[in-house]
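**Q** Here is how the chains run, residue by residue.
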Amino acid sequence: MLKADSRDPAAWPRLLLTVLAIAVLWPGIHLSELNLGVLLPDSQNEMGRFVAQFWPPAHDPAFLQILLTATLQTLAIATAGMALALLLAVPASLIASRALSLSAASRGGVPSRLGRLLRWPVRGLLIFLRSVPEIVWALLFVRAVGLGPAAGVLAIAITYSGMLGKVYAEIFESTDQRPAHALMQAGSGRLAAFAYGTLPNVAAELLSYSVYRWECAIRASVVMGFVGAGGLGQQIDLSIRMFAGGEVASMLLMFLLLVLMADQFSRLLRWRLA
Amino acid sequence: MTLRLTQGSLRHANGVDALRSVDLHIAAGEQVAIIGPSGAGKSSLLNLLATALRPSSGDIEVLGERAWHLSARQRQRLRARIGLVHQAPPLPPRQRVVTAVLAGKLGQWSLGKSLLNLLHPLDVAGARAALARLDLGDKLFAHCQQLSGGQLQRVGIARVLYQAPQVLLADEPVSAMDPVMAGHTLSVLSRHAREHNVTLVASLHAVDLALAHFPRIIGLRDGQVLFDSPSGQVSHEMLDALYANEKLQSPTAAVAPLTVQIPRC
Chain P
1 MLKADSRDPA AWPRLLLTVL AIAVLWPGIH LSELNLGVLL PDSQNEMGRF
51 VAQFWPPAHD PAFLQILLTA TLQTLAIATA GMALALLLAV PASLIASRAL
101 SLSAASRGGV PSRLGRLLRW PVRGLLIFLR SVPEIVWALL FVRAVGLGPA
151 AGVLAIAITY SGMLGKVYAE IFESTDQRPA HALMQAGSGR LAAFAYGTLP
201 NVAAELLSYS VYRWECAIRA SVVMGFVGAG GLGQQIDLSI RMFAGGEVAS
251 MLLMFLLLVL MADQFSRLLR WRLA
Chain F
1 MTLRLTQGSL RHANGVDALR SVDLHIAAGE QVAIIGPSGA GKSSLLNLLA
51 TALRPSSGDI EVLGERAWHL SARQRQRLRA RIGLVHQAPP LPPRQRVVTA
101 VLAGKLGQWS LGKSLLNLLH PLDVAGARAA LARLDLGDKL FAHCQQLSGG
151 QLQRVGIARV LYQAPQVLLA DEPVSAMDPV MAGHTLSVLS RHAREHNVTL
201 VASLHAVDLA LAHFPRIIGL RDGQVLFDSP SGQVSHEMLD ALYANEKLQS
251 PTAAVAPLTV QIPRC
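Residue numbers (our numbering), protein chains in the order written: chain P, 1 to 274; chain F, 1 to 265.
Covered, in the sense of this in silico footprint (three residues per stretch, anywhere, with C-beta under 8 Å from a C-beta of chain F), are these stretches of chain P:
1. 105-117
2. 177-185
Stretch by stretch, here's where chain P covers chain F in the computed footprint (C-beta under 8 Å, at least three residues):
3. 48-59
4. 75-84
5. 109-123
Among the chain F residues that face chain P by a calculated CB cut under 10 Å, a handful are:
6. Ala72
7. Ala88
8. Leu91
9. Leu102
10. Pro165
Bear in mind the hints are in silico, worked out from the structure with no lab data behind them.
All C-beta atoms, glycine included, are put in the ideal place defined by N, C-alpha and C.
For reference, chain P alone in the conformation it holds in the complex (with noise of 0.2 Å):
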């Protein structure tokens, strides 16, 4: 046993919480089917032959050609519909945003009641624009547009304009509001109180954050093709109804790619930023 000057008062609490966890967990595990065995390689089960197929990655030039346009494709529609996004999103942050108000200038930090009643109907828009998911969207504006990347670049600019209008508008109201106010103070309009005093102190969080929802829009981008948005998603879609499991590897790898680069972008612009 433990001598009582070293006993730790933290030990019986943290044990009983593993303890609680496992038997919350284990039942979990029996009731979501979950069996590990199947995944391991082995020539008798399904999953080892399925595994087999991924290699090697498919490589020839016809496909590689047909991977490139399909890249590019996702990229463009990631692209576009942030663009098309941020037009939406930073004017209704800056709306939306309580570090803007002039009242809240002068009144300790709070702003006036009007203000906080304008400020609600934008925060409503950015909700309603964020509250139903991007593939949703696809699936809608695939029937609306027809088949194609346009249906995948209205999609993301919808509910990512919802996103970064609320995160960012967040990310303003974080930082120390002082500098601004006192611009406020000595007589300067909103915008330029914002450029001055906040923006220098926000601008890097604002890139990453920029930079990882276009990650991301990478992401729902090739989810959206599933439903025939375009791009590396429906490429993925079809190799997989037709088994062949090595296009599908090399598109995964293109995908990993893709991430890796834009973790790398991300980092140069915080770098010289800093």
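Place chain F on chain P using the hints.
**A** Just chain F, lined up with the frame of chain P:
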């Protein structure tokens, strides 16, 4: 009358009365120092005079206009003519000094000019001249985060000098500076005020600096004006009464507990 505060009271959101029925008249071109123990309401009074805070009751008149009876747009135009030096200058750490100084004129510039200035400083010479008066000309293109607390305070003063307001209010403008630099900075401020007929009101911790640089002294205690007299008539008894609770033997000792507050920037 440049500044006229009538029965001005200020109650903070937490229920503390910062100012209680303060009457104050300051004529154009006057130079006034506000002294008093910490927590006396010096900053609140300056913020009230700068129209940065709205009085809970009472009336404030600046440059002949009743600030809180104006529309928001008119008030912003009035505020552009008032300069407030903050004790800890609120400057973004990554902003360059030249941009921080030029930001003084945002109230007078159009939005287009302001944004253009952000991409490329439009008046480097003007910013350099304002900084040079405070011996900071070499820091023009440094980032704010590279400066010390005292240097930042001087950047804040340079911004207000560049703004060229008609009323210059300063909240503990020299609290983080060494005594020599503090004296120099105050004389720069009072010379600027004299040359341009600017009304200057500064709050100070250091009583000797206040007596040396300002002809009129206002003693503030518990949110009320204890005395308001020419600096020549300020006696030891008055100062003892002003700082009474702090059990200080002589007014010069009041300089000692000067806390150097390093601003966040």
